[in-house]
Amino acid sequence: MKRTKGTEVRRSAAGFGLSLAATVFLSSLLVILKETTPWINGWMKAATGHHWITHAAIVLVSYALLGLLFSKTGIARRLSARTLLFALAASLSVSCAAILAFYLLHA
Amino acid sequence: MLGTLAAMWVFVEMLNVSERNIRRMIRMSIVTTTFIWLSFLFGGYCYVFLYPADKAVILAGPQPWAHSVCMEVKEHLFFVLLLLSTYLPVIARDGNMIRGRDIRRIGLAVAGSIVFLGLAMGRSGSIVSLGVRAGLGG
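The listed protein sequences correspond, in order, to chains A and B. Residues in the first sequence are numbered from 1 upward in steps of one, following this note's numbering. Residues in the second sequence are numbered from 1 upward in steps of one, following this note's numbering.
Simulated from the structure, these hints should not be mistaken for laboratory data. As the structure is a computational prediction, the values presented were derived from the model and not from experiment. Note that CB positions come from ideal geometry on N, CA and C, so glycine has one too. Treat the hints with caution; some may be incorrect.
[Claimed, not checked] Label pairs and their computed distance ranges (CB to CB): (1) B:L59 - A:L69: 40 to 48 Å; (2) B:A56 - A:L33: 23 to 31 Å; (3) B:R123 - A:A98: 16 to 24 Å; (4) A:R78 - B:L136: 50 to 58 Å; (5) B:P64 - A:T48: 37 to 45 Å; (6) A:A57 - B:G122: 22 to 30 Å; (7) B:F49 - A:N41: 16 to 24 Å.
Build the full structure now, drawing on both the sequences and the hints.
Here it is as C-alpha cells:
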C-alpha cells in the first residue's frame, strides 16, 4: 500500500497531540516556577498535602481540557501531521532539557 | 519496565504497520498506557508516603545528588512519560496510520520517547537506590 506524505491527522489525534505538546511545556514551566517561588510551592503543598500530587492534577486536568478544546475547535483541523510532529519534538526536547538543566544547576 | 517493553513492542509494530498487525499494535498501545498508569499510581504512593525516609538518608549521606538531581528529574519527567503513554493509543488509532508517513513518524516518536524515558527512569531509580545504600554506609 502506498504511503503518502503530509496526510491529515484525525481531529482527536491532532487536538490531543497539540495538548500534549502544550502540557509538557507547561509542566516544565511549573517545575521551575514552584522550585524558585516559595509561595507557589507552599500553595501546591497546601492544596493536596504534597506538591507532586498537585502538579500531577494540574498536568492531567490541563491535558484533558486542552485536548478537548483543541479537538472541538478548528485549531486541530488546520494542523498537518508534520506541524504536529514538529510541535511535539520541540516541546519534548526543550522541556526535558530545561528540567535536567535546572536541577543540575541547582543541585 | 513492563510499560517500556510494551512501548518497544508498539514501536516495532508501527515500523511495519499494515492491515494485518494494526489491531495488535492498538492493543499493545493500550497495554502500554495501562502499565505506565499503574506505575504512576503505585510509584506515586511510594514516592509520597514511603520515600521521605529514604530522602533524609540520601541527603545526609555522601551522594546527596542522587536525590537533588536524579530523583527530582525522575519525579518531574515522569509526567511527560505519563502524558506520552496516555496519547499513544490516540495516535495509534488514527485512521491514516497505515498510509500516512508523517502520522507514523508521530507514533514512532511517541513510542520511542516512552522507551527512552522509561529506560532513563529505571536507571535513575537505580542511582537513587545506590544513594540510599551509600547513606546507610554500605
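Point to revise | Outcome for the supplied range 40 to 48 Å, where the beta carbon pair is L59 of chain B and L69 of chain A | key: At roughly 41 Å between Cβ atoms, L69 of chain A and L59 of chain B fall inside 40 to 48 Å, so the hint holds.
Point to revise | P64 of chain B versus T48 of chain A beta-carbon gap, inside 37 to 45 Å or not | key: Hint violated: Cβ distance 26 Å, outside 37 to 45 Å.
Practice item. Using the beta carbons of A56 of chain B and L33 of chain A, state whether their distance is inside 23 to 31 Å or not. Key: Because 26 Å falls inside the window, the suggested range holds.
Check your understanding: Lying within 16 to 24 Å: is that true of the beta-carbon distance R123 of chain B to A98 of chain A?
Key -> 20 Å Cβ-Cβ, so the 16 to 24 Å window holds.
Practice item. Return holds or violated for the Cβ distance of F49 of chain B and N41 of chain A against the range 16 to 24 Å. Key: For F49 of chain B and N41 of chain A the Cβ distance comes to about 19 Å; the hint holds.
Practice item. Kindly confirm whether 22 to 30 Å is satisfied by the beta carbon distance between A57 of chain A and G122 of chain B. Key: holds (25 Å)
Exercise for review: Can you let me know if the beta-carbon spacing of R78 of chain A and L136 of chain B is within 50 to 58 Å?
Suggested key: holds (57 Å)
The structure does not agree with numbered hint 5 stated previously, though it agrees with all others.
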